[in-house]
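In order, the protein sequence lines correspond to chains A and B.
Every number in this note's numbering is 275 more than the matching position in the first sequence, counting from 1.
Every number in this note's numbering is 203 more than the matching position in the second sequence, counting from 1.
It cannot be assumed that every hint is accurate.
Pair ranges (Cβ atoms, derived) [what the hints assert, rightly or not]: (1) B:Arg-297 x A:Leu-524: 20 to 28 Å; (2) A:Ala-435 x B:Tyr-239: 41 to 49 Å; (3) B:Glu-353 x A:Arg-287: 40 to 48 Å; (4) A:Gly-511 x B:Arg-340: 54 to 62 Å; (5) B:Glu-353 x A:Glu-294: 40 to 48 Å; (6) A:Leu-373 x B:Arg-340: 24 to 32 Å.
Chain B side only, calculated, beta carbon under 10 Å to chain A, not exhaustive [to be verified]: (7) Ala-276; (8) Arg-312; (9) Tyr-421; (10) Met-422; (11) Glu-423; (12) Phe-524.
Computed far set for chain A versus chain B, every beta-carbon distance over 10 Å [said to hold, decoys possible]: (13) Ala-291; (14) Leu-305; (15) Gly-321; (16) Trp-341; (17) Tyr-379; (18) Leu-381; (19) Arg-383; (20) Gln-397; (21) Asp-470; (22) Pro-480; (23) Phe-489; (24) Ile-491; (25) Gly-537; (26) Tyr-538.
Since the hints were made in silico from the structure, they are not lab data.
Every residue gets a Cβ at the ideal spot worked out from N, C-alpha and C, and that includes glycine.
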Amino acid sequence: MRHVPRAMFYLRLVAAQLEMSTLTALQYRLGFWTEGLLGLLWSVIGIAPLFVAVDHLGAVEGWGRWELVVLTGCFTILSGLFTAVLQPALRESMTHILKGTLDYVLLRPADGLVLCLTCAFQPWHLVEVLGGLVLVIAGLWLGEVEVTATGLLAGLATGAAGLMALYAFGVLVLCASFRALQLQALTHVMEALMDFGRWPAQVFPPVLRLLFTFVIPLLVMTSYPAEALLGRLSWGTVAELAAVSATLLVLARLAWVRSVRGYTSASS
Amino acid sequence: MTAAMVRVEGLCKRFSVPRREAGLRAALRALVRREYRVVEAVRDLEFSLAPGERVGFLGPNGAGKTTTLKMLAGLIVPSAGRVEVAGFTPSDRRPEFLRRVSLVMGQKRQLSWDLPAIDNFEFNRVVYEIDPVHYKRRLEELTALLDVGEVMRRPVRQLSLGERMKCELVAALLHGPQVLFLDEPTIGLDVSMQLGIREFIRRYNAEHGATVILTSHYMEDVAALCPRILVIDGGRLRFDGSIEALRRQIRPLRRVSVRAAALPDDPTAMGRVVLREGGRLVLDVAPERVPEVVGALVALPEAQDLAVQDAPLEEVMRALFGREEAAELG
Numbered sequence: 276m277r278h279v280p281r282a283m284f285y286l287r288l289v290a291a292q293l294e295m296s297t298l299t300a301l302q303y304r305l306g307f308w309t310e311g312l313l314g315l316l317w318s319v320i321g322i323a324p325l326f327v328a329v330d331h332l333g334a335v336e337g338w339g340r341w342e343l344v345v346l347t348g349c350f351t352i353l354s355g356l357f358t359a360v361l362q363p364a365l366r367e368s369m370t371h372i373l374k375g376t377l378d379y380v381l382l383r384p385a386d387g388l389v390l391c392l393t394c395a396f397q398p399w400h401l402v403e404v405l406g407g408l409v410l411v412i413a414g415l416w417l418g419e420v421e422v423t424a425t426g427l428l429a430g431l432a433t434g435a436a437g438l439m440a441l442y443a444f445g446v447l448v449l450c451a452s453f454r455a456l457q458l459q460a461l462t463h464v465m466e467a468l469m470d471f472g473r474w475p476a477q478v479f480p481p482v483l484r485l486l487f488t489f490v491i492p493l494l495v496m497t498s499y500p501a502e503a504l505l506g507r508l509s510w511g512t513v514a515e516l517a518a519v520s521a522t523l524l525v526l527a528r529l530a531w532v533r534s535v536r537g538y539t540s541a542s543s
Numbered sequence: 204m205t206a207a208m209v210r211v212e213g214l215c216k217r218f219s220v221p222r223r224e225a226g227l228r229a230a231l232r233a234l235v236r237r238e239y240r241v242v243e244a245v246r247d248l249e250f251s252l253a254p255g256e257r258v259g260f261l262g263p264n265g266a267g268k269t270t271t272l273k274m275l276a277g278l279i280v281p282s283a284g285r286v287e288v289a290g291f292t293p294s295d296r297r298p299e300f301l302r303r304v305s306l307v308m309g310q311k312r313q314l315s316w317d318l319p320a321i322d323n324f325e326f327n328r329v330v331y332e333i334d335p336v337h338y339k340r341r342l343e344e345l346t347a348l349l350d351v352g353e354v355m356r357r358p359v360r361q362l363s364l365g366e367r368m369k370c371e372l373v374a375a376l377l378h379g380p381q382v383l384f385l386d387e388p389t390i391g392l393d394v395s396m397q398l399g400i401r402e403f404i405r406r407y408n409a410e411h412g413a414t415v416i417l418t419s420h421y422m423e424d425v426a427a428l429c430p431r432i433l434v435i436d437g438g439r440l441r442f443d444g445s446i447e448a449l450r451r452q453i454r455p456l457r458r459v460s461v462r463a464a465a466l467p468d469d470p471t472a473m474g475r476v477v478l479r480e481g482g483r484l485v486l487d488v489a490p491e492r493v494p495e496v497v498g499a500l501v502a503l504p505e506a507q508d509l510a511v512q513d514a515p516l517e518e519v520m521r522a523l524f525g526r527e528e529a530a531e532l533g
């Protein structure tokens, strides 16, 4: 056996998992093009209302019209990543738990959590991510926002923290399905909850803001990265948000380890 | 002395399972307050296996065979006791351990349904970090042995059960495991496919020296493949030894059959009559009396098809699991 550094191994592993999902998507030609068309439609339907309403958008709690477009862009990126990468992996892993085929995942000589979180992928939904990027760039440009290097860095750091928080939340949902089977619907609940991320943090009453920052950190995923890009977020807040995400990740990892130790497999 | 490949000491597994009475009222009550019952799936198992051994786990449904297998593979964490496989504690699930073992389950599949098996093999090459040259050689060897060169290029969903099981075996063996766990690998297969899989496992064991642990409801699988069997019932080890030893212990009588133009008037003097039909007589005879009985049967007019056999394994198992003395086996 060749001894490759573990980081390289995991990069290859994730690439192989993505390749398997892409091969599966390509296996059925009609399905591939239908999925593609639906993915495009889904993205357009998600963004279209914004184009219709942008002229009528007024300021919301200190957010101007184009700043709201940036926020929508951040939300769309995150939502696209969720539907392209996280949601299919969660659903596939939950099916593995339900059917007992998680046995084969856990028997592979790699981190079971990495295997679960990369086991399925819907490439067409990445169109949504591209759409979100376009919205962010358009919002910044049309709003004549000067993005500084530190603002960009803070935006990326907060976005990464948001993504970590999303994954941590996903892992906690996955762990719940070890105890209560047939929880695939929870991924739809996650999707519905994410809609709160369309709005700026300031529109929420203090209790909900705390809830959506520290318990279900939707605002860490969308509102705060947009604020950071707009240069309105202090580094102290960025650090706090990173700490929230790191804490959630640690909790999610502990929950995963506990779940796998309690795994009873399905009878054969 | 060779170190054991598998060592099990005082192994126990308890599951907490929900229970309720029948009916809607009980179901509604269980929504609020659920009662649990502790089930001891495995109790105080002790055994060890040498490298390269082929061992069969036998037992009725729910005996604890698969739970034991899954604890050995590291999938289920034991409630008590100690397990060591290839020098590792399985439940730690260290990559070095997982590279040394493989599990094939007849009722579950690891191959992706929509893709050809060859894509799945390639994925396993990455996961198990198999050197490409070694991988190519190994794949050629396994596909030739199992005759799946063409089959592995078709989507798994289009394969017959037997073809799929062969591909499952290739996927499980590409990384060259030292210990192979087989849970009902021939379930649902036709007789010729069962024979093919059996022959492959025997050959693989002989050529690679892998330890093979098998559970199967087909007694013939176990009889043909495993010189040693462990009988598990009620989570306990009831017997550890060869099939012949088990037969001698449970059904010591030999089965003697003959066909003749005329049968003896009172064959009960020779042994227990199993069948007397037309010109055919089947008797269960005490081992020490076999020469005498055979002599008497050969002397019958037009005697032919005389055979002396052990009791069929199915009958032995039926007798074993159907009687109280099972608890006293050791």
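Leu-381 of chain A remote from chain B - nearest C-beta pair above 10 Å: violated, 6 Å
Between Glu-353 of chain B and Arg-287 of chain A, does the beta-carbon spacing fit 40 to 48 Å? Since Glu-353 of chain B and Arg-287 of chain A have Cβ atoms about 29 Å apart, the given range 40 to 48 Å is violated.
Is it correct that the beta-carbon of Arg-383 of chain A has no partner in chain B closer than or equal to 10 Å? Label violated. Min Cβ-Cβ 5 Å, cutoff 10 Å.
Using the beta carbons of Glu-353 of chain B and Glu-294 of chain A, state whether their distance is inside 40 to 48 Å or not. The hinted range 40 to 48 Å is violated for Glu-353 of chain B and Glu-294 of chain A, with Cβ atoms some 23 Å apart.
Minimum Cβ separation between Gly-321 of chain A and chain B greater than 10 Å? For Gly-321 of chain A, whose nearest Cβ neighbour in chain B is about 28 Å away, the distance exceeds 10 Å, so it holds.
Against chain B, does Gly-537 of chain A hold up as non-interface, every C-beta pair farther apart than 10 Å? violated, 8 Å
Claimed clearance of chain B by Leu-305 of chain A, with the beta carbon kept past 10 Å: holds, 13 Å
Far enough from chain B: is every CB of that chain over 10 Å from the CB of Trp-341 of chain A? holds, 44 Å
A closest beta-carbon separation below 10 Å is what the hint needs, so does Phe-524 of chain B meet it against chain A? violated, 19 Å
Closest CB-CB distance from Tyr-379 of chain A to chain B, is it above 10 Å? violated, 4 Å
Minimum Cβ distance from Met-422 of chain B to chain A below 10 Å? Nearest chain A Cβ about 18 Å off; hint violated.
Would the hint on Tyr-421 of chain B stand, with a C-beta cut-off of 10 Å toward chain A? violated, 15 Å
Taken one by one, the earlier hints fail for this structure at numbers 3, 5, 6, 9, 10, 11, 12, 13, 17, 18, 19, 25 and 26, listed in ascending order.
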